[in-house]
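Chains A and B supply the protein sequences, listed in that same order.
Each number in our numbering comes from the position in the first sequence (counting from 1) with 57 added on.
Each number in our numbering comes from the position in the second sequence (counting from 1) with 251 added on.
Since the hints were derived computationally from the structure, they do not count as laboratory data.
Even glycine gets a Cβ: it sits at the ideal position worked out from N, Cα and C.
Heads up, some of the hints might be wrong.
What the hints assert, rightly or not - Simulated DEER-style distance windows between Cβ atoms:
| id | chain 1 | residue 1 | chain 2 | residue 2 | range |
| --- | --- | --- | --- | --- | --- |
| 1 | B | VAL475 | A | ILE804 | 47 to 55 angstroms |
| 2 | A | TRP537 | B | GLU274 | 54 to 62 angstroms |
| 3 | A | PRO793 | B | VAL475 | 36 to 44 angstroms |
| 4 | A | ASP490 | B | PRO395 | 58 to 66 angstroms |
| 5 | B | TRP431 | A | ASP490 | 39 to 47 angstroms |
| 6 | A | PRO796 | B | PHE276 | 24 to 32 angstroms |
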Amino acid sequence: MVFFNCSKSTSAFFLFVLILLLNSSNISAAGKGKLRGFVTDSTKGEAIPYANLALKATPFGSPSDTKGYYFVPSIPAGRYILVISCLGYQTQEKNVEIKENEITQVDIKLVPTSIKLQEISVIGQKSVRENEIDLGLQKINASELKMIPSGLESDIFKALQSTPGVSSTGDITARHYVRGGSSNQNLVLLNGVSVYNPFHALGIYSAIDPEMISVVEFYKGGFGPEFGGRLSSVMNIITRDGNKNRLEASGTAGLLSGKASVEGPIPGGSFIMTGRKSYYSKSLSKYFNGKDTPFDFYDASFKANFSLPGIMKNGKFIVHGFLSGDKIKNNDPMIEDYDLKNNILGVNWYQVWSSPLFSVVSVSYSGFDGQVIPNLSQAKTRSNTVSDISTNWAFTYIYDSKDEIDFGLDHKYLKTDLKLQNLFNQESGLKKDATALAAYMKYKFYRYENFGIDLGMRLNLLSLAKKIPLIIEPRFNFTWRLSPLFSVKAALGRFSQEVTTLANENEIVSVFEPWTILPDNLASSEATHMLLGFQAFLSESFNVEVESYYKSLKFLAEPNMKKFLPGDPDYVNIDGQAYGIELLAKYQSNDFYMKTGYSLSWSYKLNNGIKYFPRYDYRHSLNVLLGYNLGWGFSADASWTFNSGMPGSTITGFYERFTINDVSSLDPEITQPAVLWDRINMKRLPLYHRLDLGLSKRLKLDFADFEINASVINVYDRKNLFYIDLKTGKKVYMLPFFPSISVKASI
Amino acid sequence: MKIKFAYISLLITLSLLNIACEEDFNPKTAIRNDLYIVNCTISTSSVPFSSPTVKLLISRPYDVNGYVAQKLDSTSMCINGAEVTLTYANNDYALVDSIQRREKLKDGTYRYYYEKLHYYYSPKMLVSKSEYGRDKCQIVVKMPDGHILSSETTTPLVLQIESNRAFNHGITTNVNSFYWGTSLTFSWGEDIFPDHLFFSKFSINATNLKTGKSFDVEIPVKYVSKNGQSIPVYPNANNGPSVSYEYSAIDFAMKSFASFASDPSDISINGATLKVSDYDRNLAAYYSSTNGYLDSYSIRLDENTYSNIIGGLGIFGSYKVNTRTFPVDRDYIHSFGYKTNAD
Numbered sequence: 058m059v060f061f062n063c064s065k066s067t068s069a070f071f072l073f074v075l076i077l078l079l080n081s082s083n084i085s086a087a088g089k090g091k092l093r094g095f096v097t098d099s100t101k102g103e104a105i106p107y108a109n110l111a112l113k114a115t116p117f118g119s120p121s122d123t124k125g126y127y128f129v130p131s132i133p134a135g136r137y138i139l140v141i142s143c144l145g146y147q148t149q150e151k152n153v154e155i156k157e158n159e160i161t162q163v164d165i166k167l168v169p170t171s172i173k174l175q176e177i178s179v180i181g182q183k184s185v186r187e188n189e190i191d192l193g194l195q196k197i198n199a200s201e202l203k204m205i206p207s208g209l210e211s212d213i214f215k216a217l218q219s220t221p222g223v224s225s226t227g228d229i230t231a232r233h234y235v236r237g238g239s240s241n242q243n244l245v246l247l248n249g250v251s252v253y254n255p256f257h258a259l260g261i262y263s264a265i266d267p268e269m270i271s272v273v274e275f276y277k278g279g280f281g282p283e284f285g286g287r288l289s290s291v292m293n294i295i296t297r298d299g300n301k302n303r304l305e306a307s308g309t310a311g312l313l314s315g316k317a318s319v320e321g322p323i324p325g326g327s328f329i330m331t332g333r334k335s336y337y338s339k340s341l342s343k344y345f346n347g348k349d350t351p352f353d354f355y356d357a358s359f360k361a362n363f364s365l366p367g368i369m370k371n372g373k374f375i376v377h378g379f380l381s382g383d384k385i386k387n388n389d390p391m392i393e394d395y396d397l398k399n400n401i402l403g404v405n406w407y408q409v410w411s412s413p414l415f416s417v418v419s420v421s422y423s424g425f426d427g428q429v430i431p432n433l434s435q436a437k438t439r440s441n442t443v444s445d446i447s448t449n450w451a452f453t454y455i456y457d458s459k460d461e462i463d464f465g466l467d468h469k470y471l472k473t474d475l476k477l478q479n480l481f482n483q484e485s486g487l488k489k490d491a492t493a494l495a496a497y498m499k500y501k502f503y504r505y506e507n508f509g510i511d512l513g514m515r516l517n518l519l520s521l522a523k524k525i526p527l528i529i530e531p532r533f534n535f536t537w538r539l540s541p542l543f544s545v546k547a548a549l550g551r552f553s554q555e556v557t558t559l560a561n562e563n564e565i566v567s568v569f570e571p572w573t574i575l576p577d578n579l580a581s582s583e584a585t586h587m588l589l590g591f592q593a594f595l596s597e598s599f600n601v602e603v604e605s606y607y608k609s610l611k612f613l614a615e616p617n618m619k620k621f622l623p624g625d626p627d628y629v630n631i632d633g634q635a636y637g638i639e640l641l642a643k644y645q646s647n648d649f650y651m652k653t654g655y656s657l658s659w660s661y662k663l664n665n666g667i668k669y670f671p672r673y674d675y676r677h678s679l680n681v682l683l684g685y686n687l688g689w690g691f692s693a694d695a696s697w698t699f700n701s702g703m704p705g706s707t708i709t710g711f712y713e714r715f716t717i718n719d720v721s722s723l724d725p726e727i728t729q730p731a732v733l734w735d736r737i738n739m740k741r742l743p744l745y746h747r748l749d750l751g752l753s754k755r756l757k758l759d760f761a762d763f764e765i766n767a768s769v770i771n772v773y774d775r776k777n778l779f780y781i782d783l784k785t786g787k788k789v790y791m792l793p794f795f796p797s798i799s800v801k802a803s804i
Numbered sequence: 252m253k254i255k256f257a258y259i260s261l262l263i264t265l266s267l268l269n270i271a272c273e274e275d276f277n278p279k280t281a282i283r284n285d286l287y288i289v290n291c292t293i294s295t296s297s298v299p300f301s302s303p304t305v306k307l308l309i310s311r312p313y314d315v316n317g318y319v320a321q322k323l324d325s326t327s328m329c330i331n332g333a334e335v336t337l338t339y340a341n342n343d344y345a346l347v348d349s350i351q352r353r354e355k356l357k358d359g360t361y362r363y364y365y366e367k368l369h370y371y372y373s374p375k376m377l378v379s380k381s382e383y384g385r386d387k388c389q390i391v392v393k394m395p396d397g398h399i400l401s402s403e404t405t406t407p408l409v410l411q412i413e414s415n416r417a418f419n420h421g422i423t424t425n426v427n428s429f430y431w432g433t434s435l436t437f438s439w440g441e442d443i444f445p446d447h448l449f450f451s452k453f454s455i456n457a458t459n460l461k462t463g464k465s466f467d468v469e470i471p472v473k474y475v476s477k478n479g480q481s482i483p484v485y486p487n488a489n490n491g492p493s494v495s496y497e498y499s500a501i502d503f504a505m506k507s508f509a510s511f512a513s514d515p516s517d518i519s520i521n522g523a524t525l526k527v528s529d530y531d532r533n534l535a536a537y538y539s540s541t542n543g544y545l546d547s548y549s550i551r552l553d554e555n556t557y558s559n560i561i562g563g564l565g566i567f568g569s570y571k572v573n574t575r576t577f578p579v580d581r582d583y584i585h586s587f588g589y590k591t592n593a594d
């Protein structure tokens, strides 16, 4: 734990806040009132994120946030018609009266439509706030997840891989890389709590069941000061609240796992519980080149939300938990076993205060426990435990000028314990615990209709690593609407990271990636993001976004590939760079949905003066996602992915490598032929492309609703090269033609 | 209309079949002809002032068809005519290329006296100046094209091997397990060589009195049960200062001698030997980089083989084989029906 003297920095920070507060208080609020409330689903009572609320024939309006909360400040007193729209729901109009110097509370219940595609298009709609600052942000809801042909399991991480700027190194991994950053630079939050191992089955699937997801906010870069601790991206997953109106249960049977969920009302709120369990499936062997792999995984989650109006008016409490476990149990003492677990427990308190102040206070625990149990095999013992106790205070104050200020404190106590056995069978360990404390502030200038700016900073008061990270992380983001159809956006920010994984990016299948606070000899990792882009609404149903980025990475913690002796360091600091341009086009009509993403990107790392491209450095990447409502409960979808070749290492010959057979009588003449590798990742593999198709049918019977999903992966059986097995000389390909089906029943 | 539809379908099908095909990919780049590989080991023993032996091999990279490394005829990648100088304990030795010991035949071909065509050796006995080791060694290899490769190493010390209990009459497992534990432990100092690697081999030597043949049985550290069968577990390479053998494993190995003769009394137990090979930091690093095994699921695409050869690839290292013999307790031998040398 490091505490530093930051009197000058702190003074500057608070002076900055004060200036903004004074500046905002000058805006006159005379003769004006405010409007606020929650938008919920009329059938389930669940919050509806990103609904548009607009006062008809006025410029006043606001979108709802991820909790369904909205707030419209500074409305001249009078009678208005409030129009609430959200694709997937019937548009509603409601008469409201705004009174001078008062906050009018209007809670909205929207009636859902039953067409799947309309639900999906909630993400494509134009925000009512046209100076919305959302560069680098993708919003994905559960319906979009269902759009992507699922194969064995639908998956949030797989869905993200169709987003420009997000790449993976193969069909069999859910690990993702964002704009040239390593996978351990991605922060995954579940209801605001860090998830340290968000994967099942050695990284093939995410551990987070898509059935429980309400909305995902995915920041590809330039994220605000409310997020810290990672260099590349933030995935903020918010789970559903559960049906507030009636008890509901559903079950799904897929090829790999079965899952069930129960949700329903409780006094003052609702609950939801989900569970998923794998069953032994030979189908997974396709992912491991025919190797039979006795996986066993489960995950379970619960969330209960309730209000206590008698005690805390306009307050809401949420208690949530998540468990996941992965085992590989070989039942053979000569083969190693694996055991990985995640545990999360959190409490959130949301409060809308009588002033236009909204607060969220949360306390959480996130634990990870993983180990490789070698038994009597040659595998090395590895174990890792992570205990993360976090407390967050977040406040949002909305001024009459429409400006907003977000401020808060993030406190984290983190304990990591990494035990390894090196190739000398010598135990080594890295046990650390520390407390981090960060204060942040973000001022959002929304007062000008065509112009929005977020000015913020994150102040690291206490740090986890011995070598302190950036003390001040400035964050800047702006949107300038040049015309009703066209806006320019930019963002700039600095970021730091003090934890890392022991991950070798050149391992194409990696069993487990243990986390640790950075060792004392390493500097904290730093990144600078520069983003510039524009968004064009070419019609109400078609919009195009273009984003370019430059990312500078410093002091990245990389496993020391030249660690041969016990005394050699486990990690070394290296630098990197990434830049590129991305295009995203979305079109939607009542029956048709299209999302096309293209990215042109470069990323490289610099290790000891040697520049190399990481395996996720695709030069070109194109994803096309199509959905069509066929009627009678049928819908069809397709996705096509095209990537230019990913980097691969090359062979510059073979040589006779001295082999130690008889340990007490060495003879250099006893050799085995071996590969002589060229410099890392100097060549590109062939092009990758794949077409997936899906068809789903909804059936409504008296006793239950059914949804049958059929999908085919790699329809035209493209032989996408995964790697060349140099033991056999055979080329190993990614997933072949692979049909699958799942059935979901809800009562 | 139907014909148009058929044409379009055919076109789409053909296109899909075309793009489904794999593309040719060759992971090879040009062979590096300017690269040389030198592997040289110096072997010493725990016998004071004994003469170390040095073995050295020089080779170059080669190509084969396909991507699987294959062994070639050694002549095609051997390097001859190099000037090799070894400095051992401040004495310089010129290593001679065995290929020079050849005889030109009348038909213009050569007859080689050694099969080891690319084997360099010292024609003179190396002299260790130290009773316990720690001799500094250096090699300098000047290739025929003028390319120079070099490296350094230091020979290991002699290890003082001790057992965890003193046996008055030799090794036996008939001991008080509450006091002596359930295993026999040999140790050789504590953490004095953190970068060294030790390989232990504990064996019992016996003779079949009828045939006169002697043989060794290596003792595992323990036996484990797998599918109803006992599987021996032998010691791994490690840099710890000791190794332990379960008494039950010693008993199990002793019983196994009975299978070498029809009558146990035909077996004579001669004694037990523990050999501990001590690899210096260079050989230890090389061994760990070439014998690394993470787990059965991780798939790595590259490998980093340790090299301490300046100007090329390969390894220059030294090791010492420390040997200690122990008698085996007479009563213990008799309990299996075997004989001792004295019987």
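- Task: List in ascending order the numbers of the hints, as given earlier, that are violated by the structure.
- Result: Result: hint 2 breaks, nothing else.
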